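**Q** These are the residues of each chain, in order.
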Amino acid sequence: MLSCKQIVEHGSDYIEKDMGFWRKVEMKLHLMICVHCRRYVRQLKRTINMLSRGRYYAPSEEQVEQLKQQYQEVNGKR
Amino acid sequence: MKDESLPPETELVERLRNNDVALFERVVKTYHSSMYAVAHAIAGPAIADEVLQEAWISAINALDKFEGRSALKSWLIRIVANEAKTRLRKESRSISLDTVDEHWATDSRFTPNGHWVESNPGWDMSSPDELLAADELQDCVKKHMNKLPENQQQILNLRDVGGLEMEAICNILGVTASNARVLLHRARDKMQQVVARFQRTGKC
Ligand SMILES: [Zn+2]
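Respectively, the protein sequence lines represent chains D and S.
When we follow my numbering, the leftmost residue of the first sequence carries the number 1, and every step to the right adds one.
When we follow my numbering, the leftmost residue of the second sequence carries the number 1001, and every step to the right adds one.
Take these hints with a grain of salt, some might be off.
[Stated by the list, open to error] Here are the computed distance ranges between Cβ atoms for each label pair:
(1) 28(D) <-> 1047(S): 43 to 51 Å
(2) 1078(S) <-> 73(D): 42 to 50 Å
(3) 1114(S) <-> 22(D): 28 to 36 Å
(4) 1197(S) <-> 69(D): 23 to 31 Å
(5) 23(D) <-> 1049(S): 39 to 47 Å
(6) 1078(S) <-> 72(D): 22 to 30 Å
(7) 1197(S) <-> 22(D): 32 to 40 Å
(8) 52(D) <-> 1026(S): 13 to 21 Å
(9) 17(D) <-> 1176(S): 42 to 50 Å
(10) 22(D) <-> 1050(S): 47 to 55 Å
(11) 72(D) <-> 1106(S): 52 to 60 Å
(12) 64(D) <-> 1200(S): 32 to 40 Å
[As the list claims (entries may be wrong)] Only pairs whose alpha carbons sit at most 25 Å apart, straight line, appear in this in silico DSS-like list of lysine-lysine:
(13) 1029(S) <-> 68(D)
(14) 1190(S) <-> 17(D)
(15) 45(D) <-> 1073(S)
(16) 45(D) <-> 1203(S)
(17) 1065(S) <-> 68(D)
(18) 1147(S) <-> 1203(S)
What the hints contain is simulated information worked out from the structure, not anything from laboratory work.
Keep in mind it's a predicted model, so treat the numbers as computed, not measured.
Heads up, the beta-carbon is just placed ideally off N, CA and C, and yes, glycines get one too.
Working from the sequences, and respecting the hints, build out all of it.
**A** Rendered as structure tokens:
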């Protein structure tokens, strides 16, 4: 039987189905009976989704204006 | 906030070729962050802005050549990754897994036999949209992202924020797939804990 800690250590492998058949079965069994780890996996998925859509490095207004200018210059020559 | 606010790709590219500045601005605001994450991870924070500037110019110039075989976002990411690789930071970057293993070994969330010490409560803000709309939380996530060990931060930025494929990431960083997976998961796990703490306490 896998421990909760082992489930947490391999959470990404589970989500991405990047594991062998038996490991997957073992993890599924654990998740069936352990609400805490089920929550963890769900939260990990949400965290990944959040990271992929968050704007952590948004451009400044100045940068946007500069890029718009460059865009127009290039398009003028097109 | 979302890609959905942009028109379908074929229309999008057509309009970008026809000097639609307002749309270009939306494209910049949608993809800049992911592109920056990639530039930052590959070339380093000091010249990331410069790399991004170059990448956007290359992209604008190459718009006519965009064939739509990949999504616009992956095309932009590829351009910025290539641009960044030419400026790859010179310092040696040794990827070490020691600290990662140590983290797991001393993880205070678990008892010595691997059970949760405290029950893991559910989240009040449960949908990704709610998480994204909470500015304080997003600031907190960013702050902790910057505190990650460098190699974890690089991989998280390349994979999750930037959306690059694992294979490309391994090539760029010169790490094996299994090491990259371990580092990525460690970083994600850290971010899960940041969100969980924020949900529990309302604090960063
Ligand atoms: Zn468990």
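**Q** None of the hints should be skipped; say for each whether it holds.
**A** Hints and how they fare:
| no. | hint | result |
| --- | --- | --- |
| 1 | 28(D) <-> 1047(S): 43 to 51 Å | 46 Å, holds |
| 2 | 1078(S) <-> 73(D): 42 to 50 Å | 23 Å, violated |
| 3 | 1114(S) <-> 22(D): 28 to 36 Å | 19 Å, violated |
| 4 | 1197(S) <-> 69(D): 23 to 31 Å | 43 Å, violated |
| 5 | 23(D) <-> 1049(S): 39 to 47 Å | 43 Å, holds |
| 6 | 1078(S) <-> 72(D): 22 to 30 Å | 24 Å, holds |
| 7 | 1197(S) <-> 22(D): 32 to 40 Å | 34 Å, holds |
| 8 | 52(D) <-> 1026(S): 13 to 21 Å | 19 Å, holds |
| 9 | 17(D) <-> 1176(S): 42 to 50 Å | 20 Å, violated |
| 10 | 22(D) <-> 1050(S): 47 to 55 Å | 49 Å, holds |
| 11 | 72(D) <-> 1106(S): 52 to 60 Å | 55 Å, holds |
| 12 | 64(D) <-> 1200(S): 32 to 40 Å | 36 Å, holds |
| 13 | 1029(S) <-> 68(D) | 11 Å, holds |
| 14 | 1190(S) <-> 17(D) | 20 Å, holds |
| 15 | 45(D) <-> 1073(S) | 22 Å, holds |
| 16 | 45(D) <-> 1203(S) | 22 Å, holds |
| 17 | 1065(S) <-> 68(D) | 20 Å, holds |
| 18 | 1147(S) <-> 1203(S) | 17 Å, holds |
Hints 2, 3, 4 and 9 from the list above are not met by this structure, while the remaining hints are.
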